[in-house]
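K.L.:
What follows is the residue order along each chain.
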Amino acid sequence: MLAFLLHRLLYVTPVAIGVTVVCFLLVHLTPGDPLTAILPADATLELQEQMKAAYGFDKPLPVQYALWFWKVLHGDLGHSIATGRPVLTEVMRAVKNTLILATVATAIGFTFGTLFGFVAGYFRDSWLDKLASFVSVLGVSVPHYWLGMVLVIIFSAQLGWLPPTGAGPDGSGDWRPDAAHLRYLILPAITMSVIPMGVIARTVRALVGDILSQDFVEALRAKGMSEFGVFRHVVTNAAPTALAVMGLQLGYLLGGSILIETVFSWPGSGFLLNAAIFQRDLPLLQGTILVLAMFFVALNLAVDVLQTALDPRIKRG
Amino acid sequence: MSSLSPAGAPLVETKNLTVDFVGTGKPVRAVAGVDLTLAPGEVVALLGESGSGKSVTLRALMRLLPEKRAKIGGSIRVDGRDVTALSRRELSAFRGSTVAMIFQEPGLAFDPVYRVGDQIAEAVVRHERVSRAAGRARALALFERVRIPSPEQRLDNYPHEMSGGMRQRAMIALALACRPKVLLADEPTTALDATVQIQILLLLRELQRELGLAVIFVTHDIGVATEVADRIAVMYAGRIVESGACRDVIRAPAHPYTRGLLASRADHVFTKGTRLETIPGAPPDLTALPPGCAFAPRCAQARPACNAGVPEERTASPHHVARCLLLPAPAEDGACHRADATAAA
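Chains as they are written, first to last, in my numbering: chain E, 1 to 317; chain S, 1001 to 1345.
Simulated from the structure, these hints should not be mistaken for lab results. Every residue gets a Cβ at the ideal spot worked out from N, C-alpha and C, and that includes glycine. A few of these clues could be false.
[Stated by the list, open to error] Derived coverage of chain E by chain S (criterion: at least 3 residues anywhere in the stretch with Cβ under 8 Å from a Cβ of chain S; other residues may be distant): (1) 49-55; (2) 212-226; (3) 261-270.
[As the list claims (entries may be wrong)] For lysine to aspartate or glutamate, the following EDC-like pairs were computed, each having C-alpha atoms within a straight-line distance of at most 20 Å: (4) S:LYS1071 - E:ASP76; (5) S:LYS1068 - E:GLU227; (6) E:LYS96 - E:ASP125.
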């Protein structure tokens, strides 16, 4: 197992380095000079050169990358242009909030998604299947920012049960696990859970159908297993794939939550990314993307390892 | 090779068994009236080509076919019970304990994500309400019985960690786990290579004798059938067209289809350039079976009367019957029917 872990880590390293290259180049691919965002429009040529030297933009690209990479390795992602605070602090705070939201949303989505998927797959073509499939197709198709707004209108504006925006009553942007903060989490989490729920339900339904058509299911019945016993085997067989999909969905939610976080003003990474883009805060943008990408890589690694633990056939590849 | 059932009640008895697959399109009649009897301790080989209905017949005996798509007609009695009338609960108690099945592809018949030993223990726990440890102990004893080397370690193997031959041994161990009276073997050696085939056949034969098992052995291989069977029943287009003691059927086949099968065996061709004999034509469309003998369109000796109706069984030699008009018509009713009852078909 240890050898396998090291093996997988070795595989991940080039991917991680590739990610840093892309993040670094991002700044240089954006139209115009990265400095034009900071410098006033009427800055003198001399000042421009000075700034270039100060930020290291006068050196050749590979050297710039090496210097930047060295700093990244030491946890220095630079400073935000807008606030002047270290990018790493800003990003980690936002990532923490997003992580909470995404984890809760994925947990809700996974619970209901697998439930719907197993029921639909097992009772294929029954009305239960049709109902579960309808709900999951709805989950995939409905624009979630729209769903978010609808939920806010119903539960905040009309009924007044739940707060519409923010992460907590104090507005500090730090979510804490207590009852007051929990109320703020409910609406965005439900809105966000609809996507993974739909995707997981569809995947699990297809998976269950596939497993049920395999020979071993007939063999299980032939040895006299009850339907519940057969179902247990089906669940065990479906688990690795369902978990893989869940992991990918979690990764997707970690980065792809811009719309929902903006609708609910949830102080997460998507919200931060949105702000960074509109304020042309390039170090912040770069840092956020880098951290999110690294999360994705780590998540895939974790899913890989978990799958191996669950399915004996994927071994020490 | 005692070939005939004793006077006692048969262990398996089907009468006019039919299986129709319904769904989209025309219903397919996979089994078109099979009368089959199996005495305790007897081995019957169901011989036939792909699509002749032999595997479907086998599955019908356990009601393993999907109930919505496969409609079973006629009667099935196994060990004195009416299988068609069993409730869902009774059926799962019946499967594996009274009747067990060995599958063609041992690589696919085990759940890939459970240890083989646990899958055997699971069946024992289910049927005999014993602890898991007792189930494991039974599995170990069975592994020794089917001669799997280093059985203790092998119990913890996953199916993909075993070779094909070993998996089939494990499959046999699983089938025998709850001491069934009837063993249904669905081409258990087809997926194995030739040397392993022989070992598995010998093992099956040995276990059958020691445990006094009644076995229905489905195969398309005449060589395999003669190796294991007391009696051979040849199936064509969902019917048993000939049945009798193994020796009689092989030495003096009565039905032209059986003769064709025997003639087309590859081991008759020794010299290069000798043409392999084949049966002309193709098996009939099961959605529209001919009104008469299903083999008539391919039969060189067919005559108009063959298409008039499905031929009744006629006696070729004692306890050896075939559904063919080429055989002499029964002179006295009584003599013929007694043969039917015992030799079946």
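K.L.:
Could you run down the list of hints and mark each one as holding or not?
P.N.:
Checked hints:
1. For the region 49-55 of chain E, the stated coverage by chain S is not satisfied: 0 residues place a CB nearer than 8 Å to a CB of that chain, which falls below the threshold of 3.
2. For the region 212-226 of chain E, the assignment as covered by chain S holds, since 12 residues bring a beta-carbon within under 8 Å of that chain's beta-carbons and 3 suffice.
3. By the rule of at least three residues with a Cβ nearer than 8 Å to a Cβ of chain S, the coverage given for the region 261-270 of chain E is violated, with 0 such residues.
4. For the proposed pair LYS1071 of chain S and ASP76 of chain E, the alpha carbon gap of about 72 Å is over 20 Å, so the pair is violated.
5. Between LYS1068 of chain S and GLU227 of chain E, the direct Cα distance comes to roughly 16 Å. Compliance with the 20 Å bound is thereby established for this hinted pair.
6. Distance hint between LYS96 of chain E and ASP125 of chain E is unfulfilled; the C-alpha atoms sit about 42 Å from each other, more than 20 Å.
Hints 1, 3, 4 and 6, counting from the list given before, are not met by this structure.
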